[in-house]
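Here is what each chain is made of, one letter per residue.
Protein chains: 2
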Amino acid sequence: MTAIEKSLTPHFLSSRVQALELTPDGVNLLDQTALPGKVQYVLIQTAQQMAQAIETMLVRGAPAIGIAGAYGMILSARQGLDLQLTLDDLRKQIHQDAERLAQTRPTAVNLFWALNAMRTIVDSHFDSPAALLNALTEKARQIHQEDIEACQKIGEYGATLIPKSAGILTHCNAGALATGGYGTALGVVRSAFAKDPSIHVFADETRPRLQGARLTTWELVEDGIPVTLVTDNMSGSLMQHHKVDVAIVGADRITANGDTANKIGTYNLALIAYAHKVPFYVAAPLSTIDLSMDNGSLIPIETRQNEEISTINGELICADEVDYYNPAFDVTPAQYITGIITEKGIALPPYRESLAKLFKT
Amino acid sequence: MTAIEKSLTPHFLSSRVQALELTPDGVNLLDQTALPGKVQYVLIQTAQQMAQAIETMLVRGAPAIGIAGAYGMILSARQGLDLQLTLDDLRKQIHQDAERLAQTRPTAVNLFWALNAMRTIVDSHFDSPAALLNALTEKARQIHQEDIEACQKIGEYGATLIPKSAGILTHCNAGALATGGYGTALGVVRSAFAKDPSIHVFADETRPRLQGARLTTWELVEDGIPVTLVTDNMSGSLMQHHKVDVAIVGADRITANGDTANKIGTYNLALIAYAHKVPFYVAAPLSTIDLSMDNGSLIPIETRQNEEISTINGELICADEVDYYNPAFDVTPAQYITGIITEKGIALPPYRESLAKLFKT
Numbered sequence: 000m001t002a003i004e005k006s007l008t009p010h011f012l013s014s015r016v017q018a019l020e021l022t023p024d025g026v027n028l029l030d031q032t033a034l035p036g037k038v039q040y041v042l043i044q045t046a047q048q049m050a051q052a053i054e055t056m057l058v059r060g061a062p063a064i065g066i067a068g069a070y071g072m073i074l075s076a077r078q079g080l081d082l083q084l085t086l087d088d089l090r091k092q093i094h095q096d097a098e099r100l101a102q103t104r105p106t107a108v109n110l111f112w113a114l115n116a117m118r119t120i121v122d123s124h125f126d127s128p129a130a131l132l133n134a135l136t137e138k139a140r141q142i143h144q145e146d147i148e149a150c151q152k153i154g155e156y157g158a159t160l161i162p163k164s165a166g167i168l169t170h171c172n173a174g175a176l177a178t179g180g181y182g183t184a185l186g187v188v189r190s191a192f193a194k195d196p197s198i199h200v201f202a203d204e205t206r207p208r209l210q211g212a213r214l215t216t217w218e219l220v221e222d223g224i225p226v227t228l229v230t231d232n233m234s235g236s237l238m239q240h241h242k243v244d245v246a247i248v249g250a251d252r253i254t255a256n257g258d259t260a261n262k263i264g265t266y267n268l269a270l271i272a273y274a275h276k277v278p279f280y281v282a283a284p285l286s287t288i289d290l291s292m293d294n295g296s297l298i299p300i301e302t303r304q305n306e307e308i309s310t311i312n313g314e315l316i317c318a319d320e321v322d323y324y325n326p327a328f329d330v331t332p333a334q335y336i337t338g339i340i341t342e343k344g345i346a347l348p349p350y351r352e353s354l355a356k357l358f359k360t
Numbered sequence: 000m001t002a003i004e005k006s007l008t009p010h011f012l013s014s015r016v017q018a019l020e021l022t023p024d025g026v027n028l029l030d031q032t033a034l035p036g037k038v039q040y041v042l043i044q045t046a047q048q049m050a051q052a053i054e055t056m057l058v059r060g061a062p063a064i065g066i067a068g069a070y071g072m073i074l075s076a077r078q079g080l081d082l083q084l085t086l087d088d089l090r091k092q093i094h095q096d097a098e099r100l101a102q103t104r105p106t107a108v109n110l111f112w113a114l115n116a117m118r119t120i121v122d123s124h125f126d127s128p129a130a131l132l133n134a135l136t137e138k139a140r141q142i143h144q145e146d147i148e149a150c151q152k153i154g155e156y157g158a159t160l161i162p163k164s165a166g167i168l169t170h171c172n173a174g175a176l177a178t179g180g181y182g183t184a185l186g187v188v189r190s191a192f193a194k195d196p197s198i199h200v201f202a203d204e205t206r207p208r209l210q211g212a213r214l215t216t217w218e219l220v221e222d223g224i225p226v227t228l229v230t231d232n233m234s235g236s237l238m239q240h241h242k243v244d245v246a247i248v249g250a251d252r253i254t255a256n257g258d259t260a261n262k263i264g265t266y267n268l269a270l271i272a273y274a275h276k277v278p279f280y281v282a283a284p285l286s287t288i289d290l291s292m293d294n295g296s297l298i299p300i301e302t303r304q305n306e307e308i309s310t311i312n313g314e315l316i317c318a319d320e321v322d323y324y325n326p327a328f329d330v331t332p333a334q335y336i337t338g339i340i341t342e343k344g345i346a347l348p349p350y351r352e353s354l355a356k357l358f359k360t
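Same order as they appear, the protein sequences are chains A and B.
Numbering that gives the first Met the number 0 puts the first residue of the first sequence at 0, with every later residue one more than the last.
Numbering that gives the first Met the number 0 puts the first residue of the second sequence at 0, with every later residue one more than the last.
Any given hint might turn out to be false.
Beta-carbon label-pair distances, calculated as ranges [unchecked claim]:
hint : chain 1 : residue 1 : chain 2 : residue 2 : range
1    : A       : Pro348    : B       : Gln141    : 56 to 66 angstroms
2    : A       : Lys276    : B       : Asp24     : 55 to 65 angstroms
3    : A       : His241    : B       : Gln141    : 39 to 49 angstroms
4    : B       : Asp24     : A       : His241    : 43 to 53 angstroms
5    : B       : Tyr40     : A       : Thr310    : 18 to 28 angstroms
6    : A       : Gly313    : B       : Glu320    : 19 to 29 angstroms
7    : A       : Glu137    : B       : Ala33     : 51 to 61 angstroms
8    : B       : Gln334    : A       : Pro349    : 26 to 36 angstroms
Worth flagging that the hints you see were computed from the coordinates, not collected in a lab.
Backbone N, C-alpha and C define an ideal beta-carbon position, used for all residues, glycine too.
Chain A on its own, in the form it takes in the complex:
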């Protein structure tokens, strides 16, 4: 690990965009399936509702679904208190709900990381159900707050890698919407933009769900950062015409050797960048790094419904009688990754050593 040791500047751009917020009534989720057409919030009041919101991608993005999972366990505890469960029964219910939350999406490790952090609280000693709820609430708020701070540090470290007036290509949405509120890849963009407003973002539209078009352009326009929308298959043309100086993406799971699962198409982009000698960075908090998993071939890859590919806005865009292949993620081998930007610094190859060191500092 060669962390770029520089004093982090205290000023960074914050985002106007917030994906989720804990309130006394429940969790307000910004409905990411309705953007950019409608900016609407959905009040989630039970762990079951939260599980469905994660499955249907009202909330998405690895760090954000970690926070959403933690908040889901608070909702479970609140439900238990309403039912006046005993402490033992409350623990049982919360564990059951945690299991349900864990069944939603398999690839992003942040969800399991956050649920496990909350489970540790559930199994600690408390005098009353209310005390357990308070401790869970404190822990979940801490997870959320630490994610924002981690992303801000990722932004500051990452900004040191961005050349003057850079063209930055990103894939999917690794922004405020995907995290506690600042973004990983877009956190780097925010920090870089605060120092150099002449940078420019190119956003892959990111088929099939169009998170780049629907979410990244919206989020960047909200924050006044200039962005050009492209289809996923234009990255080669862009780089051939020297419009891209650096590519940055988020991550759903990074294994011990540096292999990185991220939104489908990330691997394509990494290969295109590699062929053009354009640096390709992954930006992610430590909660995305899964040192317990040796390499990317072991990462469970979620397969989603065929309709994501065969229809757009409910209209069939292909012949009947075709087959579909719809993995939600792909795995980029570590060899194509220039560096992994974390809140503890920038890990460089060989990743098996540099990533392990991050956890010891």
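Starting from the known structure of chain A, arrange chain B on it as the hints suggest.
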């Protein structure tokens, strides 16, 4: 040029799909903007209508727009005869209309090749306007018929390159719809399938206009050839999982050194195939090869409207206030092309020599 010299089998699959047909009333175009939802034909009766049909992509695909351009000049001649123009005035009108047809789309060279072949007829000696019309009709029918035969030979040559039970990835639509009626890349698929029904096609959906989803899946299903639809950004995942044995695409213009302009995303696919050591073939008739142009950097690349990217089915899919980049084509450098399959055989690198030889045999 190392043509694979083998006796071509006399049996090949023909396609049920026809993009355009000359009739006494005009030219029937299968409206490719309405597929796969509606199979509807549009009767084109003037050269001006044909120019608009090419611009709006009712008819598309390099060989098909060459044929459409030639037919457009017949329509011009028919209009002139209806107006009882003198032979001189008729020639003048046809040349003007040819100029209009040439202004439609800049990248595919087949259009200019076909218009020039027809212009040579216009400038030949005739005794009457009717004789000129007859000669133009004969020439255009010959261009159409020779395209079908060229594609069938491309299919036969190309089929020799397809391994048993191969997975074949293609981009955009280089099929019967894009040609006189058999296809270039999909001509290879048809010929291979006739010999080995265990092959399988993967069709890139091909954003922004979705020709792979809308046209290729429809055309293959019509002919009973199994096809799996994928988004453009899944080719890396497919190849990583060893599902693709060969990639084949069509071409809009191939320059003397082998550089190839084709639908946007072709270059991405070539780089992905190259990284996986998957053979990447271009299938095209000689009419697509432009020996007068030295290399791909000289090919004029059409830029199309932003709405192709920003809207789907009329709905905005991104924030307002974004910029767009919408080149309709990209250029794949010759170094990433394993072979160029033509009706005269398969050209291999170095292409400057092998392509030139094709025109001498």
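Outcome of the hint check:
Distance hint check for A/Pro348 and B/Gln141: the Cβ-Cβ separation is about 60 angstroms, which falls inside the suggested range of 56 to 66 angstroms. Taking the beta carbon of each, A/Lys276 and B/Asp24 are about 57 angstroms apart, inside 55 to 65 angstroms as hinted. At about 44 angstroms, the CB distance of A/His241 to B/Gln141 agrees with the hint of 39 to 49 angstroms. Range check, B/Asp24 to A/His241: about 51 angstroms between beta-carbon atoms, so the 43 to 53 angstroms window is met.
A C-beta distance of roughly 26 angstroms is found between B/Tyr40 and A/Thr310, which places it inside the suggested range of 18 to 28 angstroms. In this structure the supplied range 19 to 29 angstroms holds for A/Gly313 paired with B/Glu320, their Cβ-Cβ distance being about 27 angstroms. Hint check: A/Glu137 to B/Ala33, Cβ distance near 59 angstroms, so the stated range 51 to 61 angstroms holds. Taking 26 to 36 angstroms as the suggested C-beta distance range, the pair B/Gln334 and A/Pro349 conforms, at roughly 30 angstroms.
Comparing the model with each earlier hint shows no violations; every hint is respected.
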